[in-house]
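Listed in order, the protein sequences are those of chains A and B.
Counting from 1, position 143 in the first sequence corresponds to residue 143 in our numbering; the numbering is continuous, with no gaps.
Counting from 1, position 113 in the second sequence corresponds to residue 113 in our numbering; the numbering is continuous, with no gaps.
You can trust all of the hints, since none of them are fake.
Below are the DSS-like pairs computed for lysine-lysine, each with C-alpha atoms no more than 30 Å apart in a straight line:
#1 A:Lys389 x A:Lys407
#2 A:Lys389 x B:Lys121
#3 A:Lys276 x A:Lys357
#4 A:Lys357 x A:Lys126
#5 B:Lys151 x B:Lys250
#6 B:Lys38 x B:Lys151
#7 A:Lys276 x A:Lys389
#8 A:Lys6 x A:Lys416
#9 A:Lys193 x B:Lys214
#10 B:Lys121 x A:Lys193
#11 B:Lys180 x B:Lys151
#12 A:Lys193 x B:Lys6
#13 A:Lys193 x B:Lys180
#14 A:Lys389 x A:Lys416
#15 A:Lys185 x A:Lys126
#16 B:Lys226 x A:Lys193
#17 A:Lys407 x A:Lys276
#18 B:Lys150 x B:Lys255
#19 B:Lys226 x A:Lys185
#20 A:Lys276 x B:Lys121
#21 A:Lys168 x A:Lys158
#22 B:Lys214 x B:Lys150
#23 B:Lys68 x B:Lys38
#24 A:Lys395 x B:Lys121
#25 A:Lys407 x A:Lys357
#26 B:Lys150 x B:Lys250
#27 A:Lys276 x A:Lys126
Quick list of the computed label-pair ranges, beta carbon to beta carbon:
#28 A:Asn111 x B:Lys6: 49 to 57 Å
#29 B:Thr2 x A:Glu213: 49 to 57 Å
#30 B:Ala309 x A:Arg313: 26 to 34 Å
#31 B:Val289 x A:Glu340: 58 to 66 Å
#32 B:Ser310 x A:Gly401: 24 to 32 Å
#33 B:Glu239 x A:Arg162: 39 to 47 Å
Hints are computed from structural coordinates only; laboratory data are not their basis.
Glycine included, C-beta positions come from ideal geometry on N, C-alpha and C.
Here's the letter readout for the chains.
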Amino acid sequence: MTTLLKNARLIDPETGTETRGAVLIRDGIIASVGPELSADTVIDCNGKCLAPGIIDIGVKIGEPGERHKESYRTAGAAAAAGGITTMVTRPDTTPALDTPEALEFINRRANESAPVNVLPMSALTKGRDGREMVEVGFMKDAGAVAFTDCDRVVEDTKVYTRAMSYAKSLGALIIAHPQEPTLSKGAAVTSGKFASLKGLPAVSAMAERLGLERDLTLVEMTGARYHADQITTARALPVLERAKANGLDVTAGVSIHHLTLNEFDVGDYRTFFKVKPPLRAETDRIAVVEAVASGLIDIISSFHTPQDEESKRLPFEEAASGAVALETLLPAAMRLVHAEMMDLPTLWRALSLNPAKRLGLPGGRLSEGAPADLVLFDPDAPFLLDRFKLNSKSKNTPFDGQRMQGKVIATLVAGKTVFGDI
Amino acid sequence: MTFRAKHLLGIEHLGPDEIDTILNLADDYVALNRSKNKRSDVLAGLTQINMFFENSTRTQASFELAGKRLGADVMNMAMQASSIKKGETLIDTALTLNAMHPDLLVVRHPHSGAVELLASKVNCAVLNAGDGRHEHPTQALLDALTIRRKKGRLHRLSIAICGDIAHSRVARSNLILLGKMENRVRLVGPPTLMPSEVSELGVEVYDDMREGLKDVDVVMMLRLQKERMDGGFIPSEREYYHRYGLDAEKLSHAKPDAIVMHPGPMNRGVEIDGTIADDINRSVIQEQVEMGVAVRMAAMDLLVRNMRASRASVEV
Chain A
1 MTTLLKNARL IDPETGTETR GAVLIRDGII ASVGPELSAD TVIDCNGKCL
51 APGIIDIGVK IGEPGERHKE SYRTAGAAAA AGGITTMVTR PDTTPALDTP
101 EALEFINRRA NESAPVNVLP MSALTKGRDG REMVEVGFMK DAGAVAFTDC
151 DRVVEDTKVY TRAMSYAKSL GALIIAHPQE PTLSKGAAVT SGKFASLKGL
201 PAVSAMAERL GLERDLTLVE MTGARYHADQ ITTARALPVL ERAKANGLDV
251 TAGVSIHHLT LNEFDVGDYR TFFKVKPPLR AETDRIAVVE AVASGLIDII
301 SSFHTPQDEE SKRLPFEEAA SGAVALETLL PAAMRLVHAE MMDLPTLWRA
351 LSLNPAKRLG LPGGRLSEGA PADLVLFDPD APFLLDRFKL NSKSKNTPFD
401 GQRMQGKVIA TLVAGKTVFG DI
Chain B
1 MTFRAKHLLG IEHLGPDEID TILNLADDYV ALNRSKNKRS DVLAGLTQIN
51 MFFENSTRTQ ASFELAGKRL GADVMNMAMQ ASSIKKGETL IDTALTLNAM
101 HPDLLVVRHP HSGAVELLAS KVNCAVLNAG DGRHEHPTQA LLDALTIRRK
151 KGRLHRLSIA ICGDIAHSRV ARSNLILLGK MENRVRLVGP PTLMPSEVSE
201 LGVEVYDDMR EGLKDVDVVM MLRLQKERMD GGFIPSEREY YHRYGLDAEK
251 LSHAKPDAIV MHPGPMNRGV EIDGTIADDI NRSVIQEQVE MGVAVRMAAM
301 DLLVRNMRAS RASVEV
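Hey, can you work out the whole structure from these sequences and the hints?
Here's what the structure looks like:
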């Protein structure tokens, strides 16, 4: 069984090129890239963009515990509609995902409900409480692709160091949220002119650098494989650069919101713009976009965080953090391309290739032998975002009512169409 | 008349002409309040609800008196004791009250932006009586009226706001208002009590009280909350008084005719020396209280005029 996607603009993040051509899929695997070979089924892409499917690290799904906010079925539909072919899910569920038994449940739920690949992450410490490490070996055997306490920082340095050393012996990847926890406690926005004017509790942008410096010191000490989930400030970038130059096994990510929005977007206390870490100054946003373009920051993620209306219809300080983003990740990221801050292959390096490399996955590439996880999209198609049309159960997007460009035409997972009509 | 707003949520949204309009009308109400018959009937038949999610004696009493003098039916609700304890959200509380058809809602809430959120859900006019660390517009207006009456003008004055700026909605509303009216505003206090990058808001920042008070026309003191004195923000109460408490020596650096203000309630011997507070030649603290009632009467009167105008236009 073969399928040919012909007449496409091929976005290849590995070579950093855009070329006209075709992709041949055989048994769910990319069999050839470039020439128009014959196939059982031939699909004309009409010159639209064909790229590896997005691999999204850090998706929050409400199972178990908060299924009213998001289920594997709704998140899976949203991911498919957003061109995401692999969701790497967060363990900050209720209860936290910290046992192999719970991981089995997740794998089963995910496989029967979501049309895209789901790879779970495990908590790093039991209950994400920062006191005892989880059964790293068992969790890894059960399929955990990384270990993270999500937005909680392991405050006890001894516990953290031991967890890192132990994870290192198993080659497990640790994903951390670089933040100085006592400085950022209770903060709703980044300190600065905006926070001062609006009278909101704020955290200095420096708290991120402090957290990163501590983490990287421990990485140097233990040799752990480390990924910083979100680097969102200019002042943290030199620290990251130095660690990479020193040969530490370190990568970094950033959320799509910190690349496309800034602190002033909060405006008159709009809680859909409350995310963690808080939105930053415009100078930080530009610096971080440039760091993605240069490759210093490796990975862009949605940090999809569904919150129901009740958690957001509160005074700003009390409102829950986070935004849904599975379906808006691609069009929001296209803003960076339309603003000429990076080209499509560079963007896709951060959306698919680097996440695959970091997690040791075969996908994320447009090359022979890779799984046929693909997204076909029109980079220019305009639309007005209506949050109530999103597939997610929760509708908390900061892009509601905004003009966007970039529409997914079809999403394929292992050669099978999971979204779109082609 | 240039005041067209539906709510009074903050000074940020007011123009200089709107501020003048409120203060001019407030001057009339000062006269009324000093006369024998203090009653007016501009709010007759209207209902005013005071919702205080945070303790207040002075502001609540001032709003209550203002409403009663204008003939409104005034109801006080002590919200910290009621439904929020039962888990009701702010918006549900607002909708419940809205169903009772009030005409004016006076709201104080411990979180910044909460009054704005509430205002977006109700049909009546909302007055912000203080939201978190954000704004306290009637306090800034009463301070402005006090200054205008004492100094004869509300522009080109040098004004020092001293103390806990970071946690103060009074300071925020005042620095916005005084800036809009083209005054020079100085903020004086220890760096731990100063908001970040506040100098970008068009003010001068001093951590030395004597330098900060040099040649100013107005000294505005702020209350230092008890819970901030425990070593977290300042080392101790006595060190604070030594460095930032207003006494005769520090005040001598200001202009000889400088006035001293305080929004109350005062901590004598912490941020202000008792004899300064009581000095009738310098302290205008009692006048501030008097102006408070007049300014709130003016604000409610103007909001009701706008409400009637918009209702009339809907009926036409």
